[in-house]
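Colleague: One letter stands for each residue in the lines below.
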Amino acid sequence: MTTALVAGAALVAAGIPLSLSRGPAALVVALVGLVVLAAAALGVLIDGAPVGAAFHDGVEPRLGLDGLSAFFLLVLAAAAVPAFLYASDALRDSPVRRPLTALTAAFVLALVGVLAARDAVTFLAFWELMTLVPAVAILVARRDAAVRRAVFVYLAITHIGGAGVWVAMLTLAHEHALGGRLAADGPQLLVLVSALIGFGTKAGLMPLHAWLPRAHPVAPSHLSALMSGVMLKIALYGLVRVAFEWAGPPPLWLGIALLTVGAVSALGGVLYALVQRELKRLLAFSSIENVGIVSLALGAAAVLGAEGEAAWSAVAFGAALLHVANHAAFKGLLFLGAGAFAHETDGLSLDRLGGLLRRMPWTGWTFLLGCAAIAGLPPLNGFVSEWLTLQSLLHVGYADAAGVSVAGVLAAAALAVTAALAVFCFVKVAGLVLLGEPRTPEAAAARERPVATRAALALSGAFCVALAATAGLLLPTLSALGPARPAPAAGIDLDLPGTGGLPALGLVVGLTALVALVWRVTSSGPRAAVAPAWTCGQRVEPSLWWTGAGFTKPLRLMLEAVYRPRREVRIDERPGIVVAVRHRSEVPQLFDTVLYGPALRVALRGAAAARRLQSGSLRAYVLYLLGLLLALLALLRLGVLG
Amino acid sequence: MTAEQALAGALQLAGLGVAPLAAGLVQTLKGRLQGRRGPGPLQPYRELRRLWRKSTVAPELAGPVYRLAPAVVVASTALALLVVPIGGQAPDWGLGHDALVLVGLLAAGRFAIGLATWDTGSGFALMGASRDLTFAVFVEGALLLVIVLAALAAGGSTDLTTMAAAAAGADVWREPAHWCAAVAFALVALAETGRQPVDNPDTHLELTMVHEGAVLEYAGREQAGLQWAAATRLWIVLMLGVALFVPKADGFGVQLAVTAVAIPTLCAAVALTETVLAKMRILRVPLFLGGGAALCLIGLATLLATGPA
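Protein sequence lines, in the order shown, are assigned to chains A and B.
Under my numbering, the first sequence has 196 at position 196, and the numbering climbs by one with no breaks.
In my numbering, each residue carries its 1-based index in the second sequence increased by 642.
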């Protein structure tokens, strides 16, 4: 097993220099490496016995893999294989193919490193690499001012927030809790709060998400897939490690905090996704939603654990991991699909696509499958993990303690609303992108992508279906990776006590068979000639086409208090004749306006004040040093400095 | 499988055929209440027969998604019907009996229709779908709270057979929470089945249509399937209401008798609300459903205040 892991990682690493000299061969080598890694990770996950070193508190670099790492490694490989396949096609004519391929391999290697690190220093080193490599890759691919600004925001926010990761990891190492448990009188509060901030920033939990919808859309699509599908999950991996293993049994307040943050992220993410006009930006917001759902499940696991409901705590933990895998599958699929569309059209503005299902059937139908999966519809995988999460939240709601019960019920209601909003959102996406009439000449001229892209999408789609059908078999294994016992004995039917059961396989078979049957019956009837759609006798013409903004208008009106949309209509009029009507509307980010805006203004004002100290005169600096020295001496004298 | 379960299963399957009768009954009673003769209760069957024989006309743009959507709606509605127990009993169809699965299956139909409207490109269809999906956001939130209260009454289970068993007998009605849940369910049910005051199933004006608007383009067998599914959706919600929120004694036979009486009574109640209430402005629908949600939260508060049952 160890050999296979080392060999796999070495092959991925070999992809880096190879891609600079040979190009396509590098991708093949890296792909083989990923498959080997996946096989080894699967072995560790099934076997249950960790390989390599165990976690330790020292500074010597150690690597190893246990069940939890192996699961995330498996998710990484399952997302990276389609991403590499796609990249082999998408980067073919790119002027920056070689550096970008090398950076992609390096990025995957950094992600593997975070998962395999068995000491604080290695973990933090790979963690920083994981942040920096995609930033470099984005700048290699595109460097206009907007992209540079997005990358700057990404680096700034993830580094400020990332300080929390350093504090948490170093404190744990200092307390000899890495791989063990924090002592009961240890600094649990400090560790948990800094972990929540540090890992939460990287995972894109609201309100620390501001970088995410800026950085993900500007990355090349295969990197967006890896960032959304895997990098966010690696942050959750860190959070799970710290909060559920090293910091001791998760306290009740942490569970409530995760529920709150999760509910805000899930609702906020999907609400803003609904009003986006650019496909990849929309998908980025939807990632925030899904990370929020995972956070809800983790919160339920923590609360149920603290309340002594071990069995359901285990289910909730399994649900969180299952949603991690599911989101990696369908978000990877959607980002790669978006990339494929971008190649064939002029940009991903949602109102400038349309009709792509007919022109790109492979990409289109798999993209449609991804939309149905992410919308949480039975019988696909998104429904299974959301159902498990919802059931866990309901079991929080069944608690005797009033406060806990209310938190659980409200979180469950938030998740139900989120699911309905996600359906709305992805009807809009699939409709605008795939269906109806092409809205631009470029969209009308779109052609199907080559076989590598189709294979990548089909593979991701197959993961979506397979994860749904086998969820009942996966759940016990995934639950056993958490602290709570006993892991549920769900079986393929997911017949958990306290639920009516979710036989995903039965639903897959039943729905498919019945749809086929009804389809045969309805389509065997008499068929008349086609006719124009009904528009009160008028023909549907381009000026009558619906836009995404129009489709979501009722909701925007009803939730005006949340969205606070800005709208500007300018009518140019010559006496009696309207010459032109210009309409501009946008939905500002609530967190940007009420949180980041003021924070930025305060920071700038502080910087302006501090600038007065920086006179540039040498004498002033000598004076500062003197002052510092005197202050330190005085403090020493007073005994403040020990 | 016991004999009771087999009988319940047979009745569930019978529901596939009887469902349009309930919709027809509402129309008849509504006609009478409004001083008209109204159509007979068998009218939906006549309409289904007419549509079945007619040829299908599809809009120019419509592709496979448009043509697949009615099949998805019919299939998911049929499966949803099999999830809901009758008389507190249901055989194992291999689909489970979970309340949340039921909600998911109904959402799948909505998704399919939403996509189909984009495929037609018709403004009226899209307007209907847009409103339908918007209402669904508030419906699902309120419906979940109703399910929570009913599940709490069942000792913490979303298994519909357990919930139905817990809702039988007089004890459950001593909890104010159950009254709150029953009223909230009534509000949610009106919205979910597209009834007044949220939507008007009889409207002939495209601008006011919600569900009817979304399926405006369909004809022939496809439209027949969709009409059947709409009637079955009403049937499912009625059955759910009978199972969870109609006072009844324990026992399978008694419950079947109560069901037989309750369905026409509930149809009459729907006819009455459709007669006395006008369709509301769509922007007021969140308020209507928010009222239901607030009632549920009040119910939850009373449960928590009185301590664990």
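Honestly, I wouldn't trust all of these hints.
To be verified - One-sided and incomplete, this derived list gives chain A residues near chain B with beta-carbon spacing under 10 Å:
#, residue
1, His56
2, Gly58
3, Glu60
4, Arg62
5, Gly355
6, Gln391
7, Ala414
8, Leu421
9, Val423
10, Pro441
11, Val509
12, Cys536
13, Arg574
14, Val578
15, Val579
To be verified - Quick look at which bits of chain A chain B covers, simulated, 3 or more residues with Cβ under 8 Å:
#, region
16, 102-110
17, 248-261
18, 376-382
19, 393-401
20, 512-523
21, 540-552
To be verified - Residues on chain B that point at chain A, a partial pick, calculated with CB under 8 Å:
#, residue
22, Pro733
23, Asp740
24, Val779
25, Leu794
26, Ser799
27, Gly811
28, Val888
29, Pro889
30, Ala891
31, Asp892
32, Val896
33, Ala899
34, Met922
Since the hints were derived computationally from the structure, they do not count as laboratory data.
The C-beta atom is built at its ideal place from N, Cα and C for all residues, glycine as well.
Colleague: The structure should be examined with respect to each hint, and the outcome stated for every one.
Modeller: Consistency of the hints with the structure:
1. His56: violated, 43 Å
2. Gly58: violated, 47 Å
3. Glu60: Violated - the Cβ of glutamate 60 of chain A stays beyond 10 Å from chain B, reaching only about 50 Å at its closest.
4. Arg62: Since the shortest Cβ distance to chain B is 44 Å, the answer is violated.
5. Gly355: holds, 8 Å
6. Gln391: Glutamine 391 of chain A check passes; min Cβ-Cβ to chain B is 7 Å, inside 10 Å.
7. Ala414: holds, 8 Å
8. Leu421: Check passed: Cβ of leucine 421 of chain A comes within 6 Å of chain B, closer than 10 Å.
9. Val423: Holds - the Cβ of valine 423 of chain A comes within 10 Å of chain B, reaching about 5 Å at its closest.
10. Pro441: Violated, because the Cβ-Cβ distance from proline 441 of chain A to chain B comes to roughly 17 Å (cut-off 10 Å).
11. Val509: The hint holds - valine 509 of chain A has a Cβ within 10 Å of chain B, the shortest such distance being about 8 Å.
12. Cys536: holds, 7 Å
13. Arg574: Cβ of arginine 574 of chain A sits 30 Å from chain B, so the hint is violated.
14. Val578: violated, 22 Å
15. Val579: With Cβ-Cβ at 26 Å, over 10 Å, it is violated.
16. 102-110: violated (count 0)
17. 248-261: violated (count 0)
18. 376-382: holds (count 3)
19. 393-401: holds (count 5)
20. 512-523: Three-residue rule met by the region 512-523 of chain A, so holds; n is 9.
21. 540-552: Check passed, 7 qualifying residues.
22. Pro733: Violated, because the Cβ-Cβ distance from proline 733 of chain B to chain A comes to roughly 13 Å (cut-off 8 Å).
23. Asp740: holds, 3 Å
24. Val779: holds, 4 Å
25. Leu794: Hint on leucine 794 of chain B: holds, closest Cβ of chain A at ~6 Å, below 8 Å.
26. Ser799: holds, 5 Å
27. Gly811: violated, 21 Å
28. Val888: At about 20 Å, which exceeds the 8 Å cut-off, the nearest Cβ of chain A leaves the hint on valine 888 of chain B violated.
29. Pro889: Violated: closest Cβ of chain A sits about 23 Å from proline 889 of chain B, beyond 8 Å.
30. Ala891: With a minimum Cβ separation of about 24 Å from chain A (threshold 8 Å), the hint on alanine 891 of chain B is violated.
31. Asp892: violated, 20 Å
32. Val896: With a closest approach of 23 Å, the valine 896 of chain B hint is violated.
33. Ala899: Constraint on alanine 899 of chain B not satisfied, violated at 25 Å.
34. Met922: violated, 13 Å
Violation of the numbered hints given earlier is confined to hints 1, 2, 3, 4, 10, 13, 14, 15, 16, 17, 22, 27, 28, 29, 30, 31, 32, 33, 34; the remaining hints are satisfied by the structure.
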